[in-house]
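Chemist: Letter by letter, the chains look like this.
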Amino acid sequence: MYSALLYKEWLKLRTTFVGLVLLSMLVLAYIALNLAYYNEFMTPKGFWGNVIFLGFRFFVEIKYIPLIAGVVLALVQFVPEMNLSRLKLTLHLPVEENKLLFQMMSIGFILLVSLYVMITLIMWIIVGIYFPSEIINFVLNPLLLWLLGGLSSYFLISAVILEPVWSRRLVMLPFALGFINFFFTSEDPTTGLLIFLILAAVFTALLIPFSGYHFKRGIK
Amino acid sequence: MENVVEVRNLTHYYGKKLVFENFNFEIKSGRIFGLLGKNGTGKTTTINILNGFLKPTSGQCLMFGENSYKLSPKTKARVGFLIEGHIQYSFMSIKQIEKFYSSFYPNWKKEPYYELMSKLEVTEDQKISKMSCGQRSQVALGLILAQDPDLLILDDYSMGLDAGYRRLFLDYLIEYAKADSKTIFITSHIIQDLENFLDDCLIIDYRSVLVAMPIKEFRDTFKQYKFNLPDASVKLSKNEIVKNFEILKGKGTIYTFSPKEAVQSYLDSLGMSEAQIEEIPMSLEDAFIGITGKY
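Chains W and H, in that order, are what the protein sequence lines are. Residues in the first sequence are numbered from 19 upward in steps of one, following our numbering. Residues in the second sequence are numbered from 168 upward in steps of one, following our numbering.
Since the hints were derived computationally from the structure, they do not count as laboratory data. Do not take every clue at face value.
[Claimed, not checked] Pairs of lysine to aspartate or glutamate residues, derived as DMTMM-like cross-links and limited to a Cα-Cα distance of at most 20 Å, are as follows:
id, chain 1, residue 1, chain 2, residue 2
1, H, K205, H, E251
2, H, K205, H, E445
3, H, K294, W, E27
4, H, K266, W, E27
Please read these numbers as outputs of a predicted model, since none were measured by experiment.
The following block holds chain H by itself, in its conformation from the complex (with noise of 0.2 Å):
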């Protein structure tokens, strides 16, 4: 399978502050790719950097095979983007927006756009700026539908967005991408939403690589294991084993890739061989806080 997006070493800095240093990913033609990450660990940097908005200090990124800080007009007409906040031109109405942009792509299908629009209680004359965030995010979608693009970049969908307008968003965009196999990059802070939507995930932490898998791989193997921990002078350590834990109120949790033997022989070697540890079902956000932390 073809990558449509392959970064290599990437490393940035902002001024002296290091976002993330040799961050390397691809994304495989026709998968859904979620980069997941709290607030401020790179991934609108990211976004920026892929679409030639950011050059970076060092490192690699490649789009459809071209340097992503030169992307040719031809590559970027492949390329649909969402601006974080679903950002459009505001000043227009609903139909001048898409008599502006079907000049500029050879593939240009308005139906999707206008069937988009058919669902929002406004008129094609109704000024963008006069929408509601709900209706501004339908705005931009169908926009991004109707440029056909083999790659959708979409910076925070959910910003701003009620569930319903979420749910619209995905389900749109979800039965888009599998009609066509396009591919699809996608960045949320609601990551439950994502949880059967994506095909791959990639979770960073600040200037780190946490998860890079297909996303029913670490749904599989990422598990939660919660024990009585009466004696708080027990000192948890993150190692190959620990990729996470919490102590609270006499209950220890560890997040880990490592089967249940491999944990309990861990607490074994802490003279814990008394704790009885149980397994907790985790949902993608679970298993998302489990790995990067509530802080």
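Next up, chain W with everything else stripped away, as it sits in the complex (with noise of 0.2 Å):
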């Protein structure tokens, strides 16, 4: 049955998915021709002397991707589920209520995942042409925030999407963007600061069958 679902979200997410793909890889490859810039018109020297002193963000074009993917995909996978209440077909299909939403979620969260270890390893490859692991870690560390970032949209989002009652679709709205807002202003997390966002982000996910359950009930 799960593939069944699995099938069913790949159809509605597949050409969406192929587009923030190739959205990243495009930013990707301007960030890699920036590198080759930087290193060839700074010279390897002012370069590393800049993002090692000024703590110049070379990368910083990558930023609002996670973002902007997890945004997407949530309009893209919970709209259609809300116009004209499509919701009720998968509620009605022989599966639990909360299991199926978890499947439901869990499919776009295995896309999202999948989109933000290709950003993640690509970045990685690039970097480390140019840089030592250090440097990589002044990259990936801020670049961890932006994806957890991305990720807890995706929740956030798709909850407030399910939730049936406009009323409390605008308390969660604020709420959700001060929340993904905090993944983006943050600036060299630490490690407690990251467990603590990765444990929030998480706690996010949790919001999606709280909404479902609204739907179910009826609750307008």
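Make one complex out of these two single chains by using the hints.
Modeler: So, in structure tokens, the structure goes:
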């Protein structure tokens, strides 16, 4: 049954997913070209100095890609479900409702994590061409934060979309945006903060069945 | 005969607005049950409660003996559900949607689905979003038939369908239901289509049940009597005899379950012993309008 649900969600999301992969590749290619340019024209010494002493973020163009991916995936996956109450079709399937919602969410999660792993690996490779591992960590630490922000945005925006009551949506949305904003304004997170944010991102996933419960109860 | 659906003292409010109060009915196995009512009387609300998409304010709704709000997957597999407007996953093609649903239902029979699809001018790879409303209705029906459920809940199957597709829909449905003793719970705005289809009917009005009986009994016992009403000052009113009435251009009409003699006595009591009452035959739609009123 999970494979059938996976099949359905893949049919719905594949074009968007491919689009997000292409967008990410374009941005990563742009960063790779910029890296080559900085290395050539600033000289490696000058470029390293800028990165190490001035904290030059030559990879900042990737910052909002995880966010865009999370929000777009949530919209494409769940807006059609809410449109004309199509979610009723899904919830009428002979599977326990919360399980169905978690399974749907897990499919969005898998696609998003696949994209994020691809971004991280490519980033690791292109930065590794020019820098040692210390600088790679300098890049991957904030990237991890943005990826977590993207993941939270997927969970939170999905929960807002699935919430059937408009007034609750209007309450949830500012909280969601404030929470997501935190991931994109925190500079150089400590390990403790990162662990806290990973747990917080996981917690946001629990809001989806909560909204599903409201839908199921027919609350309007 | 086993009760497939039992609704007991069901009351529902949307906020402070009462939709219905102490609503009671049951659907016996193998029967075709029609829930009829004007717009806004609570038909879709009832169906949402039956399918567990709405928690009633009070009362109980049982489907195959289970509380409809907490249906087990096993029971849900026994219920085919057509959502108002023949809603389906429109991003899927005819073939894809059949493949998707088939994994969920152990008794899946794809033959009736593809038989119905063969009547449409579409290919298997055509997306549902590119189909006409009539074609989408056949996809939705075909999927329900392939599911082979014991109970079919059809919420306004006729919405947006022309006469041909409505007929095709009902022809398939009746053949299927009679062959396998399936139970059907159906609502529609096109009452005339259901005339020779229903076994039982429940006619509801705002907040109340007007009729709950086999359709044959309703057709046999509900009558329309017309009479001249030259005196415009005569006041008719609803009571045990008069279930509804109309006064239009010097003519009176009374809708009743009582015999002609009782109507005559009632008119006599109003000083209208001269009134010549005449029984007018009614179609199911006439009877529906007669009992619910035009407004």
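Chemist: With the threshold set at 20 Å, check whether the alpha-carbon distance from K205 (chain H) to E445 (chain H) stays at or below it.
Modeler: 27 Å, violated
Chemist: Next pair to validate is K294 (chain H) with E27 (chain W); report whether the Cα-Cα distance is within 20 Å.
Modeler: 15 Å, holds
Chemist: Need the status of pair K205 (chain H), E251 (chain H): alpha-carbon distance at most 20 Å?
Modeler: 15 Å, holds
Chemist: Please work out if K266 (chain H) and E27 (chain W) have their alpha carbons no farther apart than 20 Å.
Modeler: 13 Å, holds
Comparing the model with each numbered hint stated earlier shows that hint 2 is the single one that does not hold.
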